[in-house]
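Student: Chains as they are written, first to last, in this note's numbering: chain D, 673 to 997; chain A, 673 to 997; chain F, 331 to 690; chain W, 331 to 690.
Honestly, the hints are just simulated from the structure, not real lab data. No residue lacks a Cβ here, since even glycine has one placed at the ideal position from N, Cα and C. All clues given are correct.
Here are some, though not all, of the chain A residues that point toward chain F, as calculated from beta-carbon distances under 8 Å:
(1) D727
(2) A731
(3) E799
(4) H800
(5) S983
So the derived label-pair ranges between C-beta atoms look like this:
(6) A603(W) to S852(D): 38 to 46 Å
(7) Q536(W) to A357(F): 31 to 39 Å
(8) H648(W) to L895(D): 37 to 45 Å
(9) E629(F) to E336(W): 44 to 52 Å
(10) S722(A) to E606(F): 23 to 31 Å
(11) A569(F) to R481(W): 46 to 54 Å
(12) A569(W) to G746(A): 22 to 30 Å
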Amino acid sequence: MPLVTLVEGINLALGRALADDPEVVVLGEDVGINGGVFRATVGLQERFGSLRVQDTPLAEGMIAGMSIGMASQGMKPVAEIQFMGFLYPALDQIANHMARLRNRTRGRLTCPVVIRMPHGGGIHAPEHHSESLEVLLCHHAGLRVVCPTSPARAYGLLLAAIRDPDPVIFLEPTRLYRMSKQDVVDDGIALPLDQAEVLREGDDVTLVSWGAMIHESLQAAELLAHEGISCELIDLTSLSPIDHDTILESLAHTGRLVIVHEAARHAGLGAEIAATVAERALYDLLAPVQRVTGYDTVMPYFALERAYIPSVERIADAVRSTLTA
Amino acid sequence: MPLVTLVEGINLALGRALADDPEVVVLGEDVGINGGVFRATVGLQERFGSLRVQDTPLAEGMIAGMSIGMASQGMKPVAEIQFMGFLYPALDQIANHMARLRNRTRGRLTCPVVIRMPHGGGIHAPEHHSESLEVLLCHHAGLRVVCPTSPARAYGLLLAAIRDPDPVIFLEPTRLYRMSKQDVVDDGIALPLDQAEVLREGDDVTLVSWGAMIHESLQAAELLAHEGISCELIDLTSLSPIDHDTILESLAHTGRLVIVHEAARHAGLGAEIAATVAERALYDLLAPVQRVTGYDTVMPYFALERAYIPSVERIADAVRSTLTA
Amino acid sequence: MKTVAEFAIDSEQLLDGAGRATGKLPAFAAHRGQMLAMYRMMVLCRLFDTKAINLQRTGRLGTYAPCTGNEATHVAVGAAMRPEDVLCPVYREYGTQLWRGVTLTEILTYWAGDERGTDFAVPREDFPWCVPIGSQCPHAAGVAMAFKMRRQPRCAVAYIGDGGTSQGAFHEAVNLAGAQQLPVVFVVVNNGWAISVPAAAQTAAQTFAQKGLGNGVPGVQVDGNDVIGVRQVMEDALARARCGDGPMVVEALTYRLSDHTTADDASRYRPAAELEAAWKLEPLLRTRAFIESQGWWDEAGETALRAGCATQIDDAVHGYQNRTPVGTDHMFEHLFAHPPAQLAEQRDTARRYGAGDPRH
Amino acid sequence: MKTVAEFAIDSEQLLDGAGRATGKLPAFAAHRGQMLAMYRMMVLCRLFDTKAINLQRTGRLGTYAPCTGNEATHVAVGAAMRPEDVLCPVYREYGTQLWRGVTLTEILTYWAGDERGTDFAVPREDFPWCVPIGSQCPHAAGVAMAFKMRRQPRCAVAYIGDGGTSQGAFHEAVNLAGAQQLPVVFVVVNNGWAISVPAAAQTAAQTFAQKGLGNGVPGVQVDGNDVIGVRQVMEDALARARCGDGPMVVEALTYRLSDHTTADDASRYRPAAELEAAWKLEPLLRTRAFIESQGWWDEAGETALRAGCATQIDDAVHGYQNRTPVGTDHMFEHLFAHPPAQLAEQRDTARRYGAGDPRH
Ligand SMILES: Cc1ncc(C[n+]2csc(CCOP(=O)(O)OP(=O)(O)O)c2C)c(N)n1
Ligand SMILES: Cc1ncc(C[n+]2csc(CCOP(=O)(O)OP(=O)(O)O)c2C)c(N)n1
Ligand SMILES: [Mg+2]
Ligand SMILES: [Mg+2]
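The following block holds chain D by itself, in its conformation from the complex (with noise of 0.2 Å):
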């Protein structure tokens, strides 16, 4: 079993989708020879030829709607976006066609697309260059959002994004491409859509994260180990359809919950957890709910992004906060 980055898994996991089926083409700026900008269809092209594994023109909108069409004759387009700041020309083709043509169409035509793109900041990389936007994507009825935090997650999960006969929005966290290396069998088994991972049992608190908050939210719960605090930690993993039930199960024998997410706090996806358990849990809830998010500021250059992003000790606060209150 091979040692991958999930960047790595990521490669694999196209490699495995794009010999297996003959409908999968994967395209996108940079793409072909160079391997994309952070090298994940790294020798795809060599292997699949430059139709199957295709640079495109430089326009995210275009590269979202051709891939409509390529879905409505059957293929299935996985399409990467360089930087999550580009995804907005793409939002009108994946807002007002890929998440609607199955319905509109009343399942005449379909959309099987897949759009991979990094999510997050932390690397240092230029402006516009670390945005975290799954919330724009999340309020789309039609749309699935998955964000893996594992090489071998990264793997079964984008199997079964290309496998899904629906529109599904990959997100990668740009953080944990290289962070660490795990075994990644290359078996072609997809893992299932629509759940969250328990990445880490607990008692006295619930942190729910997703996306490279993920590596914070774990140090975090390591450091109140040893402060005697026992995290529960949920990988959320599925932004939309969110695995509610799993949240609140954890919810109801730790009675404390705080969320963790990289992007602005306002009308964030963290949001959406908090009401719901502020609807179905409520008498669950032993101290208020916390959110640990970025601020409502623009993502700073990098010279702040780390001021920006939540950092472990924010969050541990948090967590102690939650069990004085």
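Once you've looked at the hints, dock chains A, F and W with the ligands against the given chain D.
Tutor: Coordinates of chains A, F and W with the ligands only, in the frame set by chain D:
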């Protein structure tokens, strides 16, 4: 004092702003001789000429982008987007530039732009003409998002938006454009931004809503009054920032909260309100929060739009159930 | 300075305003059956427009986008395409859609705010109407990419209006089509207006046929009221694309004789004289003049045709008005192949409160 | 068929690859001071690139986008513009920005992830660098609209790369500029590559000068390594725009001799032979050959210049490295003129946890 509709109130404010400030420019598709598809700009091109009231080529991204360029020169563009479903092509300019120009240049260049657009469904319009996408805008720091619900407040808030030195998104409830008339004095007096308004005082339940849903919420409140249930109705008005204090104050004496919005529920703006309550006013809650919202489906074509838009009955039932919870 | 690139835009007209041949006509023009079929379809579109507008005015249909004035272009494009080709329409090109098998009932159902109208029984792979202006163009390019990758001798056709060419999505799609030499034809229906904005205010371009030149895609202009010219130009463009010689932009020069939609009042902005002049060049009269000059048509045939169209339209309206009403489940049924569990709960809530009062 | 529109794209070169005049040169080329000023700025850019790349490699700067190979275009555009004009750059056109008064320290500060780098002390109305490809073009059109409405004799200049021309935003802006005859010039820097995608794969267009033809905006191509040619072509385009004759697209044909950015490794995709050939045509050598042929320059001058540039760069680096560090308030200070009350609370939280460790 003339009796005017909401759309006429907007027309009055635009005329006043154009007359008072030579830097104000009204632009968009069909805003000229046609007076806009809803007639919000009727008569203005005649009065102010074809540059100050400018028909643009058909491209929302360009409309937002050129407004930024004009604003950087100290002009005050007031752009119209014909329907909210056509906001998407403009989002890149709004999010990546309009919301950020002041911050990224440390105040050297600013962006006093207003972007107006109709919001919501219920007028039997074609596909893509009935969207409620406020959350896509509210999540972006650097923007203000305002949504008036009466002719007088439309007049005063639009003047405030135009005079504000930063970008303001101005959402106009399509269903309310001509629903009722009100005395509006064209006195050039702006209303304060950032504030919610208590439309109706009550003791049992706090209803928070915005846009056209204020209409159904008000009807529900009246219906419930006959059952001896007293609702306090808050018109959120400012969708970003949210005036949480007004909501929490009300909640402090009612102890019960029902949030009503037309947009889809998942990651809708209602979640932000519920989440804030779960954080800051948990112990005021006598019952679980409830959200009465559009479903997590695509906004249906108009034959079913009334099934999608929360009805008076749905709102009333939610209020009743919070009282028995 | 040395010249490094040169371009020309040619314009075609095979039938003049009076229905006289301007020169040698293509073979199909000598084919009675084909010419009559096109004329009949044009008349059907014109009469259907009247009916649909009437339904809307009497509260039995939602907003409707008429096609009056553009019938020759729409029908000729349909006649030039093959059934296995794929159409990405905008919202008023009924002539092409009807030719390809979309039904009048489906068209009415769509404008009644009922998604079932887009579930075409016949052209199963055609895209539905596309309201967000310009966004259909990349779809057509993507469809053409699928044809290219599968080595299928098929073409995609995207419609776009004169106003629509101002959207970046159009240029992005044309550029992709050029870069990949895709089998797609972009038909710019220049009907003079984008709601209230005249074509001349929309762009500085002298023609819309040249809209692809910047992206390396050739263009040609044709009199859009000349059903023979449009069909010929489209057949050439499609043949070219089909054999791998790449995309084209075709500008059909016509005129929107109607309001933009039933929600519009063109008298607010459109010079009456311009409209009057345009009526003199409208496509039905000249086509009829041509088929009469060939001895293929007479008043009796016209009367019979109009009667036949009326029945066909009445049947369609009848079928439309008697369709089963949609229930609230309709909102949930086709969102996903595998709907997330949560949706069931919302579906049940929707059932509880019912469908409100769908006006139509 | 009759021809209804014709277009030609001309290409200009005033200095050939060896620095020889190809014909009569414009007046400024006979002006020693002006020519030397341009050459000096080109050399400064080249040396600054080396320094910036070195700072990045040694962990003292973030990702940096070099300009090596494109200096002639950048400097000549700067020289052709007036101070009161407005520039909307992309991210590597330092030669234009330095000419207009942006400082080396500001450039370094930007690439160090510090917003203060965009608060230009001198060209106060110029836009900052624009990373979202294509999105700067509508800004330039809007600036030009302000000039037109105020009847100011000023121009906006937007840069765009060969790859950038594939973005719809570029075409939308060009179309608006044409429709309104705005005083704006779009400079397409065709440096052969968009990261790993060669210009030939980006579009079917034979030239990038023709990118505006579809939208009725004329274009001209110029050898982008010919500082005299670029300046002349830009002066003509700006003069034309300034007096109300409308926008132009100018293609500067040059080559990206560097990696795309310091985060890129061009050896993965760029043929070594192509790079080698491109070095033979690079702009500094031929400009130096020209000024030497005029007797304006010699080895001593070169040595002195390079020494001077080195000091200037070292001073800039010193100023950059000694700037006051940013505190967390920096994130909140310039979001709004009138910040919503809630932000204060978040500002205090940020203060409590501090700035983390800004690496640079
Ligand atoms: C993205 C977008 N913006 C605005 C509109 C509103 N709108 C509908 S049709 C139209 C004009 C289209 O004109 P044209 O492209 O010439 O097509 P025509 O209606 O003349 O056939 C506009 C502005 C829209 N549907 N989509
Ligand atoms: C909207 C958007 N998509 C993708 C990117 C990533 N990206 C940065 S530069 C670049 C290539 C630009 O090439 P070109 O326009 O030729 O400019 P050059 O770098 O050659 O000067 C890409 C794809 C981006 N910055 N913005
Ligand atoms: Mg038109
Ligand atoms: Mg380039």
